[in-house]
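From just these sequences and the hints, can you work out the full model?
First to last, the protein sequences are chains A and B. Residue numbers for the first sequence follow the working numbering, so the first one is 2 and each next one is one higher. Residue numbers for the second sequence follow the working numbering, so the first one is 33 and each next one is one higher.
Please note that the accuracy of each hint is not assured.
As the list claims (entries may be wrong) - Derived coverage of chain A by chain B (criterion: at least 3 residues anywhere in the stretch with Cβ under 8 Å from a Cβ of chain B; other residues may be distant): (1) 176-189; (2) 202-215.
Stated by the list, open to error - Short derived list, chain A residues pointing at chain B, Cβ under 7 Å: (3) R193; (4) V194; (5) D195; (6) A197; (7) P199.
No wet-lab data here; the hints were simulated from the structure. Using N, Cα and C, we set each Cβ at its ideal position, and we do this for glycine too.
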Amino acid sequence: MTARAETSARRSDPAPGMVEKRGSALWLTHVAMILGVLVVFFPIWLAFVASTVSQPEIARPPMPLLPGDRFLENYQKALFSGVNVPVAVMLFNSLVMATGIAVGKIVISILSAFAIVYFRFPARSLFFWLIFLTLMLPVEVRIVPTYEVVARFGMLNTYGGLIFPLIASATATFLFRQFFLTIPDELAEAARVDGAGPMRFFWDIVLPMSRTNIAALFVILFIYGWNQYLWPLLVTTDPAMNTIVMGLKQMFPSGDDIADWPVIMATSILAMIPPVIVVISMQKLFIRGLVDSEK
Amino acid sequence: MATVDLIDVKKRFGPAEVIRGISVAIENGEFIVIVGPSGCGKSTLLRMVAGLESVSDGEVRIDGARMNEKEPMDRDIAMVFQNYALYPHMTVRQNMGYSLKISGIPKADIARKVAQAADLLQLSDYLDRKPRQLSGGQRQRVAMGRAIVRQPKLFLFDEPLSNLDAKLRVQMRLEIRELQSKLGVTSLYVTHDQVEAMTMADRMIVMNGGVAEQIGTPLDVYERPETLFAAQFIGSPAMNVIEATTGNGQAVLANGAALTAPAAQAGPVTLGLRPEHLALDPDGPLVLEVSFAEPLGPNTLLHGRLAGSADAFTASLPGVHRLSQGRGQVRLNARPGDLHFFDPQTGRRLA
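This is the structure we're talking about:
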């Protein structure tokens, strides 16, 4: 979020030849943008502040607006002991699950899109539309039968159980299909004449050309996987297998327990960090993948 | 280097017959141009030789061996595509060496062959660039380079110059031809441009509607077109075509004008007259009412109608002619030997 605001601020620097933006207009746009950033950023700031103070300070209104001195203490507590289970464990679980889902989805969907676009087999378009139809079914609709299947495979409380049911992706298949359709046929023909078999063509030509698309999808799917809530809640009963997003919810007090808000807030901040790192580190590729494809 | 034989080759897409039986024997080292308007099946024919399209009927042979069922890679051919089809993520070097890499040739050999081809095509300075950093002409050369590094038996060109601007096209035309004769590789070249066909071909196949209208050397086709289609397709501006009746050593047009004709002809004919074979003649039988003139420098094109006729007619006269406002009347004549006669029904050449 902040990174994006930064870029747009940089863009509005008056460049020679661009539309004149001087004086009050320039100031106004900047004020509006800064206000927008503040509005968006404020809750995150509050969460950060809350994660650096002590429990009584939060409970006593008004809430502090400046960081306190408990930063190390709170984060240490969150990471290594947590409320039910150390946050470090949940972070690791989430990381495995999100990466597994993103990589798995990309591998499966790029292969199926490749098959659908480049191979002629009976009922090819039927298969495509079958895959496409599953788009209409969100996880929640098929959650009961999926749970049944996972349970019978003995995959409750395993990474496999967390990852596999979420791995098939019509959206990604569809996106890759659309991208492959824009690759000129001559390229496939040139590869055939050059002597490349189908899988060779896939490795040497299709995969490198899809690089930016893969990066964009990885970012989207990683965040999708990271933010899964309902499914991990169902298949993990062992706290050691909790993912961070559901674990965070479970830290909330039920009944008469007292919430350890500083630790919960520290956990929230920690939960945000990996997706932010993924987005920022892949930002360049990600934007290129959304805007244009290398052709 | 190889011979190629097409034996009554046909191609059907469902019920539609796109190639209706083409037979031609191509000699070792020959440069064959397949020329025709768009949709005539010329690219399909080339792709059948390449193995990118299946052959519905008939046989494609390379060096006498049946190729119908062989994959493109097993035919020992190289193809240059209209849009070049360079791999966008590979450098020029990788593009050119890709086929060699696949066939498992040692790296040192690949490097040597690529360097050789690049040298031949003046691409040595660009080997580490990506295709998108190259101009159209350079991309075209890379596509050529990709074809020649493999030293194939057969080059196939699918309208390779149509994405270039006019000047570059002339230059690349010469380069391709020069390269081909240097390497001596049998080549099939598809184009819709009759100038390319005329200038590059050892022999050309003039195609229309899935049929080979004529197969012959460029000058053969120009001087003795077998069909009305070939006559009008080859030559620029296109041949004038007029209905006429022949007899007694004369060809009489509908408007009454009489041209001297070889005595052998008799009966109704379709008469073909190339614009450049017409000459000014104060006593000439053809009266052209010029509606506009195009001065090209070396010659001048007069467009108009013959007096008493409604059909467009063009004459190309050598040198510069200044007609007042480009309008007026001129009298023209043609030598009997330059008259082409076609059967009005079938469009085939008479005598």
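Hints, one by one, checked against the model:
no. : hint    : in the structure
1   : 176-189 : holds (count 3)
2   : 202-215 : holds (count 5)
3   : R193    : 5 Å, holds
4   : V194    : 5 Å, holds
5   : D195    : 4 Å, holds
6   : A197    : 6 Å, holds
7   : P199    : 11 Å, violated
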